[in-house]
Amino acid sequence: MFVARSITADHKDLIHDVSYDFHGRRMATCSSDQSVKVWDKSENGDWHCTASWKTHSGSVWRVTWAHPEFGQVLASCSFDRTAAVWEEIVGESNDKQRGLSHWIKRTTLVDSRTSVTDVKFAPKHMGLMLTTCSADGVVRIYEAPDVMNLSQWSLQHEISCKLSCSCLSWNPSSSRVHPSMFAVGSDDINVTCSGKVQIYEYNENTRKYAKAETLMTVTDAVHDIAFAPNLGRSFHILAIATKDVRLFKLVPIRKESTSTGPTKFEVQIVAQFDNHNSQVWRVSWNITSTLLASSGDDGCVRLWKANYMDNWKCTGILKGDGSPLTGSSGQPTAMSTVLGSSIQTSQNALNGISAGSSLKALYISAHSPNHSHIHTPVGQDCHARR
Amino acid sequence: MEELDVEAVVTEIPAVSTGKHMGFAWGPGDILVYETLYKAKGASSSGSSLIHEVRKDEDIYSPILRKLFNESHHIFVGLQTVGEDVPSKNKKPQFVSISKNYRSVIRACMEELQQLAVLTKDAEAATRLGNQVSILLAIELIWNLCEVLFIDAAPAGSLLLHLLDWVRLHKADVDEKTREVLQSESPAEHHNYWDVVVSYVLQGRVEEARQMLVKQANLHPAARGMFKLMDKLLSKMPFYNPRSTQTLTEFDVIWRHWHEEVDRCLQDNSFSSNQHLEFICKILLGDEDSLLECKDLLGTWYHFLVTRLLFCHPTVKPTDLHYYAQSCMTMFLDSRSVSEPLDSILLASFEFDIHQVIKDCSIVLNNWWFVAHLTDLLDHCKLLQSHNLHFGSNLREFLLLEYASGLFTHHSLWQLAVDYFDHCPEFGRVYLELQIERVPLETERKALKVLRVCEERQMSEQVRSICKIMATRALRNNRLGSALSWSIRAKDAAFATLISERFLQDYSTRGTFSDLDLIDNLGPSMLLSNRLTFLGKYREFHRLYGQKHFSKAAKLLLSLMTAKIAPQSFWMTLLTDALPLLEQKEVIFSVDQTYELMFCLEELTFSQVAAAASEKKPRQEDDVEQTKVELLRLALARNLATAIVKEGTVDT
Numbered sequence: 273m274f275v276a277r278s279i280t281a282d283h284k285d286l287i288h289d290v291s292y293d294f295h296g297r298r299m300a301t302c303s304s305d306q307s308v309k310v311w312d313k314s315e316n317g318d319w320h321c322t323a324s325w326k327t328h329s330g331s332v333w334r335v336t337w338a339h340p341e342f343g344q345v346l347a348s349c350s351f352d353r354t355a356a357v358w359e360e361i362v363g364e365s366n367d368k369q370r371g372l373s374h375w376i377k378r379t380t381l382v383d384s385r386t387s388v389t390d391v392k393f394a395p396k397h398m399g400l401m402l403t404t405c406s407a408d409g410v411v412r413i414y415e416a417p418d419v420m421n422l423s424q425w426s427l428q429h430e431i432s433c434k435l436s437c438s439c440l441s442w443n444p445s446s447s448r449v450h451p452s453m454f455a456v457g458s459d460d461i462n463v464t465c466s467g468k469v470q471i472y473e474y475n476e477n478t479r480k481y482a483k484a485e486t487l488m489t490v491t492d493a494v495h496d497i498a499f500a501p502n503l504g505r506s507f508h509i510l511a512i513a514t515k516d517v518r519l520f521k522l523v524p525i526r527k528e529s530t531s532t533g534p535t536k537f538e539v540q541i542v543a544q545f546d547n548h549n550s551q552v553w554r555v556s557w558n559i560t561s562t563l564l565a566s567s568g569d570d571g572c573v574r575l576w577k578a579n580y581m582d583n584w585k586c587t588g589i590l591k592g593d594g595s596p597l598t599g600s601s602g603q604p605t606a607m608s609t610v611l612g613s614s615i616q617t618s619q620n621a622l623n624g625i626s627a628g629s630s631l632k633a634l635y636i637s638a639h640s641p642n643h644s645h646i647h648t649p650v651g652q653d654c655h656a657r658r
Numbered sequence: 036m037e038e039l040d041v042e043a044v045v046t047e048i049p050a051v052s053t054g055k056h057m058g059f060a061w062g063p064g065d066i067l068v069y070e071t072l073y074k075a076k077g078a079s080s081s082g083s084s085l086i087h088e089v090r091k092d093e094d095i096y097s098p099i100l101r102k103l104f105n106e107s108h109h110i111f112v113g114l115q116t117v118g119e120d121v122p123s124k125n126k127k128p129q130f131v132s133i134s135k136n137y138r139s140v141i142r143a144c145m146e147e148l149q150q151l152a153v154l155t156k157d158a159e160a161a162t163r164l165g166n167q168v169s170i171l172l173a174i175e176l177i178w179n180l181c182e183v184l185f186i187d188a189a190p191a192g193s194l195l196l197h198l199l200d201w202v203r204l205h206k207a208d209v210d211e212k213t214r215e216v217l218q219s220e221s222p223a224e225h226h227n228y229w230d231v232v233v234s235y236v237l238q239g240r241v242e243e244a245r246q247m248l249v250k251q252a253n254l255h256p257a258a259r260g261m262f263k264l265m266d267k268l269l270s271k272m273p274f275y276n277p278r279s280t281q282t283l284t285e286f287d288v289i290w291r292h293w294h295e296e297v298d299r300c301l302q303d304n305s306f307s308s309n310q311h312l313e314f315i316c317k318i319l320l321g322d323e324d325s326l327l328e329c330k331d332l333l334g335t336w337y338h339f340l341v342t343r344l345l346f347c348h349p350t351v352k353p354t355d356l357h358y359y360a361q362s363c364m365t366m367f368l369d370s371r372s373v374s375e376p377l378d379s380i381l382l383a384s385f386e387f388d389i390h391q392v393i394k395d396c397s398i399v400l401n402n403w404w405f406v407a408h409l410t411d412l413l414d415h416c417k418l419l420q421s422h423n424l425h426f427g428s429n430l431r432e433f434l435l436l437e438y439a440s441g442l443f444t445h446h447s448l449w450q451l452a453v454d455y456f457d458h459c460p461e462f463g464r465v466y467l468e469l470q471i472e473r474v475p476l477e478t479e480r481k482a483l484k485v486l487r488v489c490e491e492r493q494m495s496e497q498v499r500s501i502c503k504i505m506a507t508r509a510l511r512n513n514r515l516g517s518a519l520s521w522s523i524r525a526k527d528a529a530f531a532t533l534i535s536e537r538f539l540q541d542y543s544t545r546g547t548f549s550d551l552d553l554i555d556n557l558g559p560s561m562l563l564s565n566r567l568t569f570l571g572k573y574r575e576f577h578r579l580y581g582q583k584h585f586s587k588a589a590k591l592l593l594s595l596m597t598a599k600i601a602p603q604s605f606w607m608t609l610l611t612d613a614l615p616l617l618e619q620k621e622v623i624f625s626v627d628q629t630y631e632l633m634f635c636l637e638e639l640t641f642s643q644v645a646a647a648a649s650e651k652k653p654r655q656e657d658d659v660e661q662t663k664v665e666l667l668r669l670a671l672a673r674n675l676a677t678a679i680v681k682e683g684t685v686d687t
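The listed protein sequences derive, respectively, from chains A and B. Numbering-wise (our numbering), the first sequence opens with residue 273 and increments by one. Numbering-wise (our numbering), the second sequence opens with residue 36 and increments by one.
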């Protein structure tokens, strides 16, 4: 791993969240300076800020993109007790030429009476739905019934979790296989003994979300939570950032056909890592859920990977060097040193020859007349192409 | 299989201070990190506002390695279809040749990198290229050994010949030295002369050694007998010939005789007057101390191993290899030097521990190219025990998925990855689904490319999603035609309706249609939504009218209303369109048709009156509408009159 490039975000205060769009060509940043910035990646990979505007009257905690099927839509949530939906409008052509884009506020969601701590769009197959959770312990699910008119959002569900909420995550897998499901985490420090992660599931009959499970073993403050992409498995995997990184497997228990209650799960802990020493603040999966990243009090981002034996290991650490930027963009890890010095020797042998003679000559002369049958196909192929 | 305890790779991020947190965001091919603070909510704190883009693998961005990926992809695809009809025991030659093809691609890449490294002026780039070359060298070395031991699986006798070839290929600096010696004025007196001769002997290249020795013999006519004797010994050195009728036992007897002869020559001090020849004689006898004296010429413990086998155990069996390998490694590497990953990988190969080889390689090399392709080949050779894991995928698939996922982050290499996913029966499809929808759709052309991949694999949800994204984007940019054709492809009825409405709105305000080509050629896709059907049919009416097929046009216009294809909001426009037809000299609407038109008009005015009662409309607009209705009524009445007359006339 290496630092490919560094971008000067130019926020006037702490950055709280950075979010890639679905295709990884745009990103949004938000900050305590109450603004959101949108960045576009150019052909050569450089990032350009194409919009920057004041979004809230408090720190902006999170910013997130809607699926591109719904256009260019962002949602943000803030300490100012609101969440907001933003849409990019195609502006005048001279704006485009100057590399600027226009974002307008489509709605402000003001139902929360406390800081809105997380905002997430629901999986796209559910339509354009936005979910917020807040310190007052309520999860709210909004829907835009007309995707062409994003100024109208209706509050569809209000779910009281009884605990101050810090984070939420939708199960990304499709509802054809199982009911819609999300998990919500709490960092409530006033209640110490109860489970801090709750799983809610949609019930077709009552048309309401009902609690399906509480992870009773997680009693410390939870700061972040993330369902893994399902990959067609029969169970769900949930990563939790609490005083350590925890991975849970939720195996649905087959229910009788007559039962109308929520699915019951067998909850298994898959892994638990305390490498961050203390609190873990963020967890997130890559696209295929082969890598989990976590960020903690040790100031590091750690990457976790399961090998083909399903053993989870820390495979990478991103660590601050604690010094101001010196202009170097970091070096790729020296892989050759890992292989060993004997290779260096052979490389020296290689370096000794001029480009003209090169390996081809080396290779051909390596055939002794005795056994020339052995390697003939090698080399043939590559030289024929020249 | 024991898990090695691997240290996590640490990457330092510049300008992130201690005591702060590091936030991150996953991208498709990289991870963004930035300095932040999670604890103090709402608190202000100055700090770095840099965002760093951290990438995993720079290899895929190297244009030369890209060739490696491209060409090995062809070999891979070919391998997947190898001899489905051929009985497995006859497949071996094919597998060996595929293995060689892979190696030749590695070699070609290595050459190119090497040339570039020599030519470049930039020291840093040269180092980087040099590193890549040495990695490829190691990869090729390991691959070649695996080919000899696992894929070709040469039996005793042939085994040594293969190993000799392996060593000769990878210890090719002898030839460079030879050239140097031969180009000098007096080769036999060159300071490297004996090194070359001994190196040839160590690699079993006796013919070349003899040729070199002739030069020395010519220089010392007095010692001609001694040189002749050495030449005889070398020329008589037996090599096993797998294609002859000679059995291994027969070969062994001949070899022993030769060995005894060499031994006699040493014992009777035939070479005592020439230390060089005596040393070569000792090597021919496989004398351990003499061989170890050649450490510099051998270079590596595995060269030592092969040379030792050549002169002591030429009929070594594959199963005994590990014993010699282990002892040679211990002998060669003194206690001070620790064995390096490459050593343990090669040792594991000699031990025929395929899993260890693959595992060590995947730990040491940061690129999955090598392990994925080698493992796939070994799997095709049925050399991997079924490692069924509860997490799902087996080792082959695990590695292929890793490799292909890496390719997917590249703007063009992702197309190769598709074929790799196709050949992963367990998770390939899901991975492809997750990855392909993330491919940026910068242009329509790119979108069509991605779409074709999805369509070929019946990935209907991805097809729908891509079309929907493109339709939404086109609509946002007011490209209605493109938006419509994408939503037809997506079979998205609601969206098609919405866009059709926009088309009709545009028509109402401007009086012309855009994107005529598209609307004229809708065909059966018109049936996707009612509004789209109407749009298509309405445009057809205009075409008929333009071509002066008035009665056909009239019939179509009427049916649009009577069959309720047209939304009522559009009826007034349709009726207005009927006006010029009613005003024609010739009677176009029959009596029945005219009655139907009148009925439509009444139905419309009735519902408008009802609507007006609920919401107050401005007076002026009402007046215009009223005039229109009056005009229509008049035209309809006149048409009815002429139609009755005409129809009556015909009847009599």
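Hints in this document: simulated from the structure, not taken from any laboratory. Note that the structure is predicted; figures quoted are calculated from it, not measured. The reader is advised that the hints may include incorrect statements.
As the list claims (entries may be wrong) - Label-pair ranges, simulated between beta-carbon atoms: (1) B:L666 / A:S426: 21 to 31 angstroms; (2) B:P98 / A:L372: 28 to 38 angstroms; (3) B:S543 / A:R370: 46 to 56 angstroms; (4) A:H397 / B:P353: 38 to 48 angstroms; (5) A:H374 / B:A676: 36 to 46 angstroms; (6) B:S52 / A:V362: 39 to 49 angstroms; (7) B:Q129 / A:H397: 19 to 29 angstroms; (8) A:L372 / B:P559: 38 to 48 angstroms; (9) B:S495 / A:V362: 45 to 55 angstroms; (10) B:I679 / A:H397: 18 to 28 angstroms; (11) B:E491 / A:H397: 42 to 52 angstroms; (12) A:D546 / B:N227: 28 to 38 angstroms; (13) A:S426 / B:E477: 27 to 37 angstroms; (14) A:L372 / B:Q661: 44 to 54 angstroms.
We put the CB at the ideal spot given by N, CA and C, even for glycine.
Taking the hints in turn, this is what the structure says about them:
Separation of L666 of chain B from S426 of chain A is about 45 angstroms and departs from the stated range, judged on CB atoms against 21 to 31 angstroms. With their beta carbons about 34 angstroms apart, P98 of chain B and L372 of chain A fall inside the hinted range of 28 to 38 angstroms. Between S543 of chain B and R370 of chain A the C-beta distance comes to about 35 angstroms, which lies outside the given range of 46 to 56 angstroms. For H397 of chain A and P353 of chain B, the Cβ-Cβ distance of about 56 angstroms falls outside the hinted range of 38 to 48 angstroms, so the restraint is violated.
For the hinted restraint 36 to 46 angstroms between H374 of chain A and A676 of chain B, the CB-CB distance of approximately 59 angstroms leaves it violated. One distance hint, 39 to 49 angstroms for the beta-carbon pair S52 of chain B and V362 of chain A, holds here, with the actual separation near 41 angstroms. Take Q129 of chain B and H397 of chain A: their Cβ atoms lie about 46 angstroms apart, and the range 19 to 29 angstroms is violated. One distance hint, 38 to 48 angstroms for the beta-carbon pair L372 of chain A and P559 of chain B, holds here, with the actual separation near 43 angstroms.
Roughly 30 angstroms separates the CB atoms of S495 of chain B and V362 of chain A, a value that falls outside the hinted 45 to 55 angstroms. For I679 of chain B and H397 of chain A, the Cβ-Cβ distance of about 59 angstroms falls outside the hinted range of 18 to 28 angstroms, so the restraint is violated. In this structure, E491 of chain B and H397 of chain A break the distance hint of 42 to 52 angstroms, their C-beta atoms being roughly 23 angstroms apart. The beta-carbon spacing between D546 of chain A and N227 of chain B, approximately 60 angstroms, falls outside the hinted interval of 28 to 38 angstroms.
One distance hint, 27 to 37 angstroms for the beta-carbon pair S426 of chain A and E477 of chain B, holds here, with the actual separation near 35 angstroms. Distance hint for L372 of chain A and Q661 of chain B: a CB-CB separation of about 49 angstroms, consistent with the stated range 44 to 54 angstroms.
Against the hints set out earlier in the document, violations occur for numbers 1, 3, 4, 5, 7, 9, 10, 11, 12.
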